[in-house]
Amino acid sequence: MKKLELKFLNEEGRTVTISLDEPIEPADPVAINAAMDAILAENCFYSSGGDLVEKKEARIVERNVFDVEL
Amino acid sequence: MAISSEKVSTQLQMVFENGVDGEGNPTFRTKSFNNVKPASTPEQLHTVATTLSQLQQHILYTVERNDSFVIADL
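Respectively, the protein sequence lines represent chains E and W. Counted the way the UniProt record's numbering counts, the first sequence spans residues 1 to 70. Counted the way the UniProt record's numbering counts, the second sequence spans residues 1 to 74.
Calculated from the structure, these hints are not laboratory results. Quantities reported herein were computed from a predicted structural model and do not represent experimental measurements. Check each hint, because a few of them may be wrong.
Said to hold, decoys possible - To be clear about the criterion: a stretch of chain W counts as covered by chain E if any three or more of its residues have a C-beta under 8 Å from a C-beta of chain E, and this derived list gives those stretches:
| # | region |
| --- | --- |
| 1 | 27-39 |
| 2 | 47-53 |
| 3 | 56-68 |
A virtual CB, placed ideally from N, CA and C, is assigned to each residue, including glycine.
Input sequences plus hints: build the corresponding full structure.
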């Protein structure tokens, strides 16, 4: 299962992640940038370290699970 | 006796259509965001939800907002 992680910095400079399941691939940098800009502009999320103030990075993460025979 | 009601937290939920079940009825999956400011307006939440929905594969069915209030006797 893949996840899109949008990472922001808050007022304390710490990372805050907003993640979405099953992202569109390949990732569209323009659309992702626009969405992150919209989140910053609307400013409706908070964190323990204050508002989100800056885009940090965006990435698609995949988790692979292999069962181990016991 | 004065009862006060104060909004203490807000949750944003995006409900996605996530395929169909064995009888052809649509199934849904909900994605929740807990760190939403209680002062957020519906317009703000709608903008955020629709822009986020464009980054993933499913159809955004509804956008929901859950507000929690603490009710106290002052």
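| Any of the earlier hints contradicted here, and which numbers? | No hint contradicted; all consistent.
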